[in-house]
Every structure is written in structure tokens, then in C-alpha cells.
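S.K.: The chain contents come next:
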Amino acid sequence: MSRRERLAEEERYREWKGPYRSYDIVKEASIALGAVLALVLLLTILFSSPDEKPSTVKSWASSMPLDFVTTATTELDGSSGTGSYGPPYNDANGSVQHAWFLHPQRWLGISHPINTAQDFVLAPLRAITGQPALQAAVTAYEDAPSSQQSAWTTAYEKGLAGKSANATASGTISVAQGNYGPLPTMMTGLLRFAQSGGLDGALLTSKQFYQTDYTKPLMFMADGGLLAARAQTDHLLGDQWGMMNETGSYPGQVWLWLYTFWYQITPLQGQNADLLVMLIMGALSLGLILIPFIPGVRDVPRWIPIYKLIWREHYKATA
Amino acid sequence: MTTSTSSPTSDERSWTAAVRSRAVEALPPEKLLPDKQPAYVASWIYVFGVLSLSSLVVIIASGSILALKGPGWWHFTGIGHFFNSMHLWAVELFFFFMVIHLWGKYWMAAWRGGRARVWITGAVTFLIAIPCALTGYVSQQNFDAQWISTQAKDAMNAAGIGSFFNLLNFGQMYSYHVLLLPAAVVGVVVAHILLVRRHGVVPPFDLQRRRELLGANGGGPADDGAPR
Chain D
395 MSRRERLAEE ERYREWKGPY RSYDIVKEAS IALGAVLALV LLLTILFSSP DEKPSTVKSW
455 ASSMPLDFVT TATTELDGSS GTGSYGPPYN DANGSVQHAW FLHPQRWLGI SHPINTAQDF
515 VLAPLRAITG QPALQAAVTA YEDAPSSQQS AWTTAYEKGL AGKSANATAS GTISVAQGNY
575 GPLPTMMTGL LRFAQSGGLD GALLTSKQFY QTDYTKPLMF MADGGLLAAR AQTDHLLGDQ
635 WGMMNETGSY PGQVWLWLYT FWYQITPLQG QNADLLVMLI MGALSLGLIL IPFIPGVRDV
695 PRWIPIYKLI WREHYKATA
Chain B
307 MTTSTSSPTS DERSWTAAVR SRAVEALPPE KLLPDKQPAY VASWIYVFGV LSLSSLVVII
367 ASGSILALKG PGWWHFTGIG HFFNSMHLWA VELFFFFMVI HLWGKYWMAA WRGGRARVWI
427 TGAVTFLIAI PCALTGYVSQ QNFDAQWIST QAKDAMNAAG IGSFFNLLNF GQMYSYHVLL
487 LPAAVVGVVV AHILLVRRHG VVPPFDLQRR RELLGANGGG PADDGAPR
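As you go down the protein sequences, you meet chains D and B in turn.
Sequential numbering from 395 applies to the first sequence in this note's numbering.
Sequential numbering from 307 applies to the second sequence in this note's numbering.
To be clear, the hints were calculated from the coordinates, so they are not data collected in a lab.
Heads up, some of the hints might be wrong.
As the list claims (entries may be wrong) - Here are the simulated BS3-like cross-link-like pairs (lysine-lysine), alpha carbons at most 25 Å apart as the crow flies:
1) D/K710 with D/K411
2) D/K702 with D/K411
3) B/K375 with D/K447
4) B/K342 with D/K702
5) D/K411 with B/K342
6) D/K421 with B/K337
7) D/K710 with B/K342
8) B/K337 with D/K411
9) D/K421 with B/K342
10) D/K452 with D/K601
To be verified - Anything over 12 Å on all C-beta distances counts as not near chain D; from chain B, calculated:
11) W321
12) V325
13) S327
14) A373
15) A490
Unchecked claim - Here are a few chain D residues that face chain B, going by a calculated C-beta distance under 10 Å:
16) H506
17) L673
18) I683
No residue lacks a Cβ here, since even glycine has one placed at the ideal position from N, Cα and C.
If we strip away everything but chain B, and leave its shape as in the complex, we get:
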């Protein structure tokens, strides 16, 4: 019997090696899990990104427990109601933190320096989270769900969406709420985080450069066209 003696070096033509090589090039370990960051990252506003992410973790954890026991459990057990309350407050905090995070990033113009995709994935996360929450509200199986579904259906129907996204169909809404939309939110959030790690946190506006240009222009319009 013969045994193959393959080389320990990887085959450059392999698809696997190519994907690994590109992934490591785009996100080397020190970028993915950094132990240093730019000195200008020193404001409370930076906390709201990780707080949004932490809220999402609590939402998924509490929602998973509710899903394990089924949609009716929380109505007739104290422990079920407790986890439902955790789920609700984590959602409220998630939106609160995310809105502050979005505003903070807007005022930093955080899309500068080739970071447009970072902004886009953040905005898309916020927009997908809205139907994710709505499908949760209409899956509650209580009066709230009855009222919200019968009212919100008119907007869905008017836009034609109601023909394939029926808020009054509990089974369909529950599927959207526990699988399809959370998967979309998590997917976009993962892309957002990887893009942040790849491009880094946006640097501050360069005031020195701006002053130089102002001087060169003799007090004319600044490089960014900002009003004086």
C-alpha cells in the first residue's frame, strides 16, 4: 500500500485557499479583534453602537426562550410573561440606542473615506428592524395584536404588499417574526460590523487642512463649501 506525501503548503489554485487568502487580507486578526484604536475615539456617543448590539443579543436570547416554549406560553405562566417583558424592553432599548447611534454617525458624516457601505448597512438594519418589530406585535395573540393587525393591514393593502404579506395571518407573521426577519437583521448587522472593522472608525474632520485652505483662498469659500 502506498501513502500520499502531500506538501504542508497550501495549493494556491484551490478555491478554499483563495477565499481564505482574501478574507485574511480584508480582515486580518488584528483588525477583526483589535487591541488598539485611534486616539480620537473618545466620546460617549461611541457607546451606542455596542449598546445596540448588546440589546440585539438580549432580544434574540429572550426571543429564543419564548420560541422554545411556543407562542401561547407567555400568556398563562409567570415565567413566560417575565421573558416576554424582557423581550419587549430589550426591543425598546434596541431602537432607542440604534436611533442615537444613527444620529451620532450622521453628525460625524461617518460615510466619509470610503465608508458609504457602513452607513448603508446601518440604515438598512434600522429599516428591517421596523417590520421585524411589527410582526412581533401582531404575533402576540392578544388585543394589541388584533387592533394593530386590523389597522395596519390598510397601509399594506394600499401598497399592494397585503396580497402576499397578510398581517391577519398569524402563522405567516410568526414565521416572519421568529425566522425570516431576524435572520435578515442579524445578517446585515454582521456585515455592518465586519465593514466597521475593515474600514475603521471614521476620522474627525481635518480642521488644520480646512484652515490652510481658507488661508489660501483669502477667506473665500472653504473646501467643504460650508457657510461662514
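Just chain D, with the same shape it has in the complex:
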């Protein structure tokens, strides 16, 4: 269709000059509102809504103590998911993504700084009072050269991964003999502190009395295995199309089906998957908005005459 013909058609469709029928917009809106309200009430009475209790650092340290201690050790040497993440938490590279010349994560920088060793382990341990041996162990660790600290954490992580390693809900940790420096004392103190619920509060402590930012405790817990284990049970993992699922058997964010679809495609499962999917969805969203101006896409409704079904009464009357 030429530009002139399209403009002529635009004019033809601008205003309807054919027959009208009576219509009560207020009545229609009232009936629709009543019907939707009734449907919502019916669904509410029949199905209610899910509300699974949140995990806490206390519940994590009590139900998976070995996982907690292993995670805390990786926080100490910075090899955890958070410690190696990169912006907006620190200047590492582990989770930094880019696409072609686009480095938005790096460009926006560190806006929520997290020092995993200090924030998740050392500062909470310093908050424990009445345990001089524990404080002496923390001092010994802090005063040691970084190469020595690294040697201790590496050895301890190996020990915790060993078959004989164990940690209990009563706050004891057992690993094979090794040169771990002050780490066993520190980690036992941290495990017991977490199991008592003290670490939940310590991680939330900020510069002010009121607190609404849960970035630190959530990042710490996400580095461990408890959240992922619960998510797997509730089919919420990425490879379970979890983005559009909900706890229990409830429908979740079903409208994200296309977003989560891209993650199931092998070429988009690499290091830069999130950014690539965001770019694809951004382009598609822009395309959705601009459909009236995109040749081809705007013409499909003419080519596939579903409109004949929608307006069949009109076409029957005017045939």
C-alpha cells in the first residue's frame, strides 16, 4: 500500500458515519465490576493464597549447619557468590555481564557496597561479648598477613568439603585435622551466634534505628543452599520455568512466560544471559508499543482475517 493510499485509509477510518445503537456505558461498567468482584470472591474462597514463612539465618544455620559454615568461610575469603559478584556490591568480576560494547553493570558502579568478610563474618563476631577466646581468634585472623588468611580459609574449605566433616544443630563443627589457624574457633562462634538468632539482627544493623533494607541478609542467605533447596521443592528454579511459578500450586507471574522462555534456550544460558534476555525483552517491548508504525507487523491483521469473525454481525448486516 502506498503512503498516499494509507493516509486516505486513515481518514476513512477516523470517524464512523454508519448506524449507531443504544448503549449504557455506566450500566455496562457496573455489571462488569460486579461480575469481576464476584469472580474474585469465588477464587478467594475456593483457593485462598500462598504464604510460606520466610527463611531466617537462624533456620538456615540450624537446619543446614555445615552449609552455613562453608558459606560463611567463603564469605571470609571473598570467594562466595556475593564476594565475587561485582557491581553493584563490590569491584569483583564474577557476575559482571556485558553485551557487545554495552557494560551497564560496570557503568553504574558500586551503589550497595558489601564487604562480605567484614559485613557477614568479622563485624558480627565482634558484636559477641563475653567470649575472650573468640575475640582473640578474630584478632589473630585480622592481624595475620593476607597470604596466611588465604591459606587458612582454603585449608578450612577443603576440610569442610571432606567426607568426615560435620556440623550440628547444637553448634559443633568437626573437620579432619589441619592447619586452620583461628578459623574453627571463629566459625563455631558464628554458627552458635546464628543458631541463637543473633546473626539475623546483626546483619540488619545499620546506621539508623529503623531498617527496611534486607540486602545483606538476603545476599548472605542466597549464597547458601537453603533458599535454593526450598525453591527446588516448590519448582521455582530457573530451569523449572520458576520465574512464572508460585509456591504451592498457585499460578504465579504467568505473564512472564516469554521472559523466562529465553532462559530455556541454550545460546542464552551463558555468562551474559540476563543482560541478553533483558535486551531482547526491551526490544520486543518497544516493538509492542510501536506496532502501529512497523510495516509488516501492523499488516498481519489484514492478511489473517480474524476480523471477519469479530465483526461477522456487521459484515452480515452490510452484505
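The hints should help you fit chain B onto chain D, whose structure is shown.
M.R.: Just chain B now, kept in the frame of chain D:
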């Protein structure tokens, strides 16, 4: 003492009179609240627009009750859980109706006849509703919120959005969910409805005209370039 005797006719130079005049010209009362509509508006597909709007009303009403009592209320009271359930199902229905409404309007090519802005505001409503729902999910203060926020943060961070839109910050997400994003949704929906009322519902494709052009072209390409 003297009293002014102003004329009852309005001052044409007044900004107020100018705005009123333009508003009434664009949307006279019979267009804003019509009691007649084109005869071709006779299909079930037209119902999904008003159903989307009705769902939005239920979302805002149930959400307002939840907001009145604060974010923790629904976790420990039966009545709170009831309103949370209403909020959830109204959201599910809102998206369901809105997606059908969007598809219906696509197949009608509802942007014809100078109605591109109607389509654009509808599509933008759908796109703003997605983060509006996401911020609700991460404001729930339960396991769902913990898992969704810790997973979705990676996409936000990768795109640089995470530096100013932190899914793990409950306070920020709650503000977005109960004020900023709903205000945006309602604002765009109001614009959408006013545009629909101003331009009217898009007329059907003119088959008669199409047949005439086909005849004039001797069976060549139709005016719309549609394949035969």
C-alpha cells in the same frame, strides 16, 4: 462601598476558560459518557477492556485495605489473608483480561484512523503493570519474596537498573508498589480511556471498498497489499 458587577459571560482571555473550552471541544459530555455507540460494536471481545478496568478497580480497592493495615497484617490475621487473596486473584484476572484485550485489539488493527496513541497507551499500561506486580511479589515478606528478589536481582544488576532499583530493599520496593507504579498505571489507563472516548472504537475493515479496488485492479494486489 461599591460592588463590582461582573458579566456572567466568561473572559475569553482567561487560561481557565481556554483549558475548559479545549477540554469540552475534545471530549464533549456525549462523547465522554455516551448513550449510543456504533452498531458494529457487537462481539464478546469488546468485553475484555471493561473487565480489565474492573479488575484494576478491585486490585486498587483490596490493595488499599492492605495498605491501610500495613505490610505485615495479612500474615497473622484471617481477614488480612482474605484481602491478600482477593488482591492476588484480581491481579491474575487483570493480566488475563488485559492480554486477551490486547490480542483482540491487535487483530482489529485498532490503531487505524488516527488511533495509534490509543494502542500505545494500552501497550504501555501492560508494560508498567509488570514491574508493578513484581514489586508486589518482592514486598510480600515471605519465602516467595525472598526467592524472587534474590533471583530477579541478577537481571536488574546486569542491565544497570539494580544500582537504583534494589529488589532486596523492602522499603524501596514497597514504595514503588503502593504508590509510584500504581499511580503510573492509573495515569496511563485514564489517558487510554479518554483517548478511546475521544476517537471512538475503531471501525471494521471496509470490505466493500476493498472489493471495488480489487475489481478496478483486475484482480491485482488489493489496496492493503494482502496476499490472495
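S.K.: Just to be careful, I want the Cα atoms of B/K337 and D/K411 compared with a cutoff of 25 Å; is the pair within it?
M.R.: 15 Å, holds
S.K.: Far enough from chain D: is every CB of that chain over 12 Å from the CB of B/V325?
M.R.: Correct as stated: the minimum Cβ-Cβ distance to chain D is 25 Å, above 12 Å.
S.K.: Are all C-beta atoms of chain D more than 12 Å from that of B/S327?
M.R.: Non-interface label stands for B/S327: nearest chain D Cβ at 21 Å, farther than 12 Å.
S.K.: Determine whether the non-interface label on B/A373 survives the test: each CB of chain D must be over 12 Å from its CB.
M.R.: Given a closest Cβ separation of 15 Å, the condition holds.
S.K.: With a cut-off of 25 Å on the C-alpha distance, tell me whether D/K411 and B/K342 pass.
M.R.: 13 Å, holds
S.K.: Far enough from chain D: is every CB of that chain over 12 Å from the CB of B/A490?
M.R.: 15 Å, holds
S.K.: Holds or violated: B/K342 with D/K702, Cα cutoff 25 Å?
M.R.: 23 Å, holds
S.K.: Assess, step by step, whether the Cα of B/K375 is no farther than 25 Å from the Cα of D/K447, and give holds or violated.
M.R.: 20 Å, holds
S.K.: Holds or violated: are the alpha carbons of D/K710 and D/K411 at most 25 Å from each other?
M.R.: 18 Å, holds
S.K.: Taken at face value, is the distance from the CA of B/K337 to the CA of D/K421 at most 25 Å?
M.R.: Given pair D/K421, B/K337 holds - Cα atoms ~16 Å apart, limit 25 Å.
S.K.: When the nearest CB of chain B is found for D/I683, is that gap smaller than 10 Å?
M.R.: 5 Å, holds
S.K.: Take the C-alpha atoms of D/K421 and B/K342, compute the straight-line distance between them, and say whether it is at most 25 Å.
M.R.: 13 Å, holds
The structure fails none of the hints (numbered hints given earlier).
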